[in-house]
Amino acid sequence: MIAVQNTKYLIRKWSLLLLILSSLAQTSCKKILDVVSPNEVDDNTVFTSVDGLRNARIGMYSSLQDRNYYGGYYQLVAESYTDNGSTGGYDLIDLNDLAGRTVSPTNIYIQQNYNAIYSTIYVANKVINNIDIVPNLSSEEHDNTLAEALFIRSLANFDLLRFWGEHWDKSSAYGISIVTNTDAPAQSVARSTVEQSYQQIFTDLLKAKSLFNSYQGNQYASLAATNALLARVYLYHGDMQQAADYATEVINDNNYALFDAADFQKIYTNKLTEESVFELKFDPQNTSFFNGATYLRDDALRSDVTFLANADLNTFFESRPDDQRSALVDFINNDVSIEPDGRSQKYRGETAKDNSAYIIRLAEMYLIRAEALGSVDGLADLNTIREARGMTELTNEDVAGEGAFITAVLDERRAELNFEGHRLFDLVRLGKVDEYLGEGVNPIMPIPQREISATNSLVTQNPGY
Amino acid sequence: MNGKKLLMAFVLFLFTATAMHSHAQTAEITVKGKITGKDGLPLPGVSIVVKGKSKAAALSDADGTFSLKTKEASGVLVFSTVGYSIKELAFNGAAANLSVQLEESVSVLNDVVLTGYIKQKKSDITGAISSVRNKDFKDQPVVNIAQSIQGKVAGILVTTPSGTPGAGLLVSVRGSSNPLYVVDGVPMISESNSSLATSYNTDGEVVGQGQNISSIADINPDDIESLEVLKDASSASIYGARAANGVVLITTKRGKSGKTDFSFNSYTGVQNVARVIPFLSSADFVALTEDARAQDYTLYQQDPSLFGDDFDSRILTNPLPSSWNTGVNTNWLNEIFHTAPISNIQLSARGGNDKTRFFIAGNYFDQQGTVIENSYKRGSFRINLDNKVSERVSIGASASFTYSRNHRSFNDNAYTGIVTNAIGASPLEPVYNEDGSFSDYTEYQASWLSDNPVKSAKKITAYTSSYRFIGTVFADVDVVNNLKFRSSFSTDYSNINDDQFFDPSTTDGVAVGGKAIKGLFRNTTWINENTLTYQNTFKEKNSLTVLGGFSVQSSKINASSIRGQGFPAGSGLQNISSASSITAASDINTGWGLVSFLARANYSYDSKYLLSASARYDGSSRFNPSGRWGVFPAVSAGWVLTREAFLDHSKWLTNLKIRASYGLTGDQEIGNFQYLSYWSPGRYDGYAGLRPRNLGNNDLTWQRNKMFNIGADFEIAKGKFSGSVEYFKGNRTKLLANAVLPATSGFSSLTINSGNVENSGVEFSLNAYVIKKKDFNWNASFNISFIKNRIKSLYSDNELINAYTDLFPTHILKVGEAVGSFWGIQYDGVDPQTGDPIYNDLNKDGVIDDADSRVLGKATPDFFGGLTNDFRYKNWDMSIATQFSVGSKVYNLIRATYQTLGWSDQGWDENGDLYQVYANNAAIVNNRWKNPGDKTDIPRASLIFQNYLQNSSQFIEDASFFRIRTVNLGYNIRPKSRKVFSSLRVYAQVQNLFVLTNYYGFDPEVSSNGGDAEQTAGVDYAAYPQARTITFGVNLNF
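Residue numbers (our numbering), protein chains in the order written: chain A, 1 to 465; chain B, 1 to 1038.
Same shape as in the complex, but just chain A:
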């Protein structure tokens, strides 16, 4: 009897406890387990407003700024493989291999470049594929933002093609993996042919060209930048008239003008000058890696500076005594320990480290048009650049024959664009690798082993690796 009473009393007491406990469980479970990140934004919400789209647009440029892309290493790695550059740093095999022009598929620098470029493509694809669902977006902003995304996608695709694809051979199967979809990102994408890769780039650029409706400065993608990139891609593709025509459009654009020999160093000391068609801007809170990798400071050792200037670049400038651009490579004022290497002076921002990436400059347009038009019609453009850099004009006799003219253009490109990431691709597309870089040097980089493993060899390795 007592036991029964006890039990009743107990049940009452326990029911209370149970109630407290379960309500505690109920409320706290939900609260404690539904933690949201205060630092980030859910993917599903990015494209639900105009603000979100604008954020993603900024993010697109921000991803171009990655260290391993236009933050510095895309151009610098490419230069270090040529007679313009060399590598310093601590004695790192993967780095030494770049300068030794014997890159292995596991090379970390190549792998990081490859990943960074596709990361940029992913953001661009996100914008391209979602822009139509953004509510209350004006058609002007829609078109302009879409055009920017298409431009950035083509820039990235072309950068992939010229570094990892047989871009000089339109019949080659070794193009790039073209990604346009963002629904199943983990899916492997096989390589397209070189011609398919070019067509993708042309399609995107021509669509971008038709969409641009406002100019926001040369730190953003623009109609002029699109024309300029078209000129560059047509040149690589061998469509000389098209290359010349698009270059002309940029040259005739009033937003841009060449400096003269006294002023041209402003390109590198100032930001966003009128010589830049597309320049990626950095600031002290958002630094680039050019200074740290190429210059750092006066007394820095060879081991501190990752990407050095090649002694051959010094020899090259010694043969051009009037060329004011020789001042942008320093082989003298360096510590003895870094001889016989030098330093590029294009990225001297030792305190702020906010050097720009010079992606497309007006001078390149003149040089493209010169090359596209050939020795007779193109010489004027070549001389325009020479004059603007303090050199004497060449005469027809100086460059008699296409071979001599091409050599002159190549030299001019080297003098003008060294350490801006052009030399390797110029040598490759003009078939000069054996002559300048040595017999048997592979003209393109290996597809990272990591990519081949991750795709179960769906992505194939380049010849020679």
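Take these hints with a grain of salt, some might be off.
[As the list claims (entries may be wrong)] Reference excerpt, derived from the structure (chain B facing chain A, CB under 7 Å, subset only):
id	residue
1	S554
2	S581
3	V595
4	G682
5	D685
6	Y687
[Stated by the list, open to error] Pairwise CB distance ranges (calculated):
id	chain 1	residue 1	chain 2	residue 2	range
7	A	S138	B	I801	43 to 53 Å
8	B	S322	A	G438	31 to 41 Å
9	B	T317	A	G438	21 to 31 Å
10	A	S49	B	K119	56 to 66 Å
11	B	S322	A	E387	43 to 53 Å
12	B	E391	A	D42	48 to 58 Å
13	A	N181	B	I801	25 to 35 Å
14	A	Q187	B	S586	29 to 39 Å
15	B	S607	A	D42	53 to 63 Å
16	A	G374	B	S586	53 to 63 Å
17	A	N181	B	V855	31 to 41 Å
18	A	E387	B	G912	36 to 46 Å
19	A	N129	B	K458	55 to 65 Å
Simulated from the structure, these hints should not be mistaken for laboratory data.
For every residue, glycine included, the Cβ atom is placed at its ideal position computed from N, Cα and C.
Mind docking chain B on chain A? Use the hints.
Just chain B now, with coordinates in the frame of chain A:
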């Protein structure tokens, strides 16, 4: 919600169990008596219970008397206390004068062991649990409790990756790293949270994980009473989703009733670097360079084409410039190492009465590093209180506060660190110029350095200050007979400040006028745990314990950092507000929560057949809401053979238990918010925007560890010999891995569940009272573990991993191999004719390149263990603890700096004058090949050719070792009259006396790449060397 149903079911079950058991009310009687122990002296603190009635219990007083009230008219009294055999004595009715004599015993069977939410007698345990008592680790001059159990527990491999004070440790339980630490019931945050635990290159880029500091170091080892390691899944699974790597339960000291005992413990001593790498003197360094030139010149005369077209042979023949004749002979390691003091003072008091008990302690620990300028200081307080409010209710609290200040050794283990710079620096360079300023390293002969190491040590200051509060309040309520309710609220609050300043005179700070980094980390964790425990004995022989509980935990974390540069010259100002520009700022808020329901039942029949089952139902915020709940069950059983008739009363085999267990545990350590795709802030052109951060994975779930364990515990001759044998096979599945994604995805990796690693092994431990006489005792304990780790499947096989992001791959994840396997080219020794190194051309293509790489060993040992001998002769005692590890290897990456054999990284000028070689070399190069026919494994010296290959087995060394870890010699005084003090012990101790190893670096126990990265374990990038410590100490009780 499922959880709620589970809870209801459980409470209902308890009702029934309680209700079923009704009592016959009878009159209360009192049993009184006196207990004596050794030499007939009164024995206080003995627990007396009526067998089968845990409610009726008493403790003996200081004079050995006891008084027990019970409602049972008759029964059996059970007397038990540590160090004595259990005694049972029948009673019938009240008694006033029982005389009980207990017999001393060395048996540990009756020791009470914490097994996660409940305590059990060791003899009743059915899982694999190791316990370590305070006496096994006290007085050791170490910061971190885990360090003091090195070599003492079977199956636990504790590696000290660095000798830096306060360093994080690599603790691996049966092959799985990073166990969960639970201090007095509070699961601790145990990771390294200092933002300075990262390696940077001189450009400020992160290149790898540097030296962790461990937050377990916030727990003062002197406060710890005991430590239990739950090794198998059946014992650990009560901790569910965090238990996959084992659980370490730490119990701090609590008060006891009786006279207040004060205890004063202090030691002071000195530390030296235990093993120094001998480097070449100036003369030997010059001789090496000359030999390198001479060797090359001989070759040049035979075949100049080997040297290239433009080679200037004057480099090999010009006399060395005058800069090679400084007359200086600096031993750089001696310049940065010093003899460093260490001291510790602890004062504690424990006491109380029947109602209230307390333990209070204060501690101050002060250690200077063996590298100059480096130090660690820690002060801590602890108060543990228990109060008996009424017969049914008791409450208590534990609180500890710790402050530590670590003056870091800059970039420990990384490129530009102090030790790293001292390695390979030119001996011809003085530390200071004649005017007292630091010498400029660029003017001397080694190009490897990034700064004068003494300057780095003095001019780069880095401090990590930590404030840690861990506190609990709890209440225990005897709801009804046999049913206890316990509720506790706990908090773990941690605040870490990092301050680093690069003086404008340093390489890192020169261009920008000084740099500063300020970091702040704050973690606030709240935990509420509620448990109900039902304990009863039915029909004398059936003993049942059932526990159910509910727990909620929530953590909020804030980590921010700010960087500035450009400080007022000569002002001495270092605070970030005096910087001319702020170059970076970050502020990360994050958090996670865990809600758990837990249940456990232990049943024993006659202490002969033992059964145990447990389950935990965990919900974690880290996973997708639809898949965030998981059940982690376990079962185990034991059979005590010695209680069977056929073995009963065996004279020699006093206890033999065989047991088996199987269970499932989980691991949620994947970081927060990985299941969602997120965009994080990105900037351009002064505008803020968003860029994709990660690819979410909705299917993400717990990593699981299924473990099967069988074991036997034995005791021979009443504990003279005792030990255990265990075999286990653990299968870690659904590994939380970073799957390599195709780059085309836009991301480099995706956190997924894939892969399967099997850990299996055998553990054996034995404790022997070899001699136990009145004046002489010898106790030996030995343990050995054979643990095999094998990858069974992977998402992406043959993944190469870099210990440092800008180095070549050092490790591989490969099916069939162990986690932490090294990858590189095999070195086949030196050609006796030419002195050139020979590398194995695995694919026979005539070229030595990456394609010739293979697995070259692993970072984990084949077997390891320890032997500890304790001696006592009259008032003297001595303890010698040793440790061994066999079969592990270390990738001695830094050796590729100090075995460069005179190679120069083009350190000559246009006149062919040689300014610099790469680095000074260790004395080991004196064994190099010099003449045809020499048989050695060190190639010939060469200025032009790299006669070494960094990613080859040339630098993968056998790291097996035998270490005398601790030798402690003490003298005890126990005065007859205890008026002044009750006991005094003075001692001398040597820590890390001796290491026997073939490893050439500072220490074979090393892991430069952080303390916890098991995939890239065992690399040596000039880790801070370990110290040999000599201390003198005193333990005074009064």
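Against the structure, the hints come out as follows:
no.: 1; hint: S554; in the structure: 5 Å, holds
no.: 2; hint: S581; in the structure: 6 Å, holds
no.: 3; hint: V595; in the structure: 5 Å, holds
no.: 4; hint: G682; in the structure: 3 Å, holds
no.: 5; hint: D685; in the structure: 5 Å, holds
no.: 6; hint: Y687; in the structure: 5 Å, holds
no.: 7; hint: A:S138 - B:I801: 43 to 53 Å; in the structure: 49 Å, holds
no.: 8; hint: B:S322 - A:G438: 31 to 41 Å; in the structure: 38 Å, holds
no.: 9; hint: B:T317 - A:G438: 21 to 31 Å; in the structure: 29 Å, holds
no.: 10; hint: A:S49 - B:K119: 56 to 66 Å; in the structure: 58 Å, holds
no.: 11; hint: B:S322 - A:E387: 43 to 53 Å; in the structure: 49 Å, holds
no.: 12; hint: B:E391 - A:D42: 48 to 58 Å; in the structure: 55 Å, holds
no.: 13; hint: A:N181 - B:I801: 25 to 35 Å; in the structure: 30 Å, holds
no.: 14; hint: A:Q187 - B:S586: 29 to 39 Å; in the structure: 33 Å, holds
no.: 15; hint: B:S607 - A:D42: 53 to 63 Å; in the structure: 57 Å, holds
no.: 16; hint: A:G374 - B:S586: 53 to 63 Å; in the structure: 54 Å, holds
no.: 17; hint: A:N181 - B:V855: 31 to 41 Å; in the structure: 38 Å, holds
no.: 18; hint: A:E387 - B:G912: 36 to 46 Å; in the structure: 41 Å, holds
no.: 19; hint: A:N129 - B:K458: 55 to 65 Å; in the structure: 56 Å, holds
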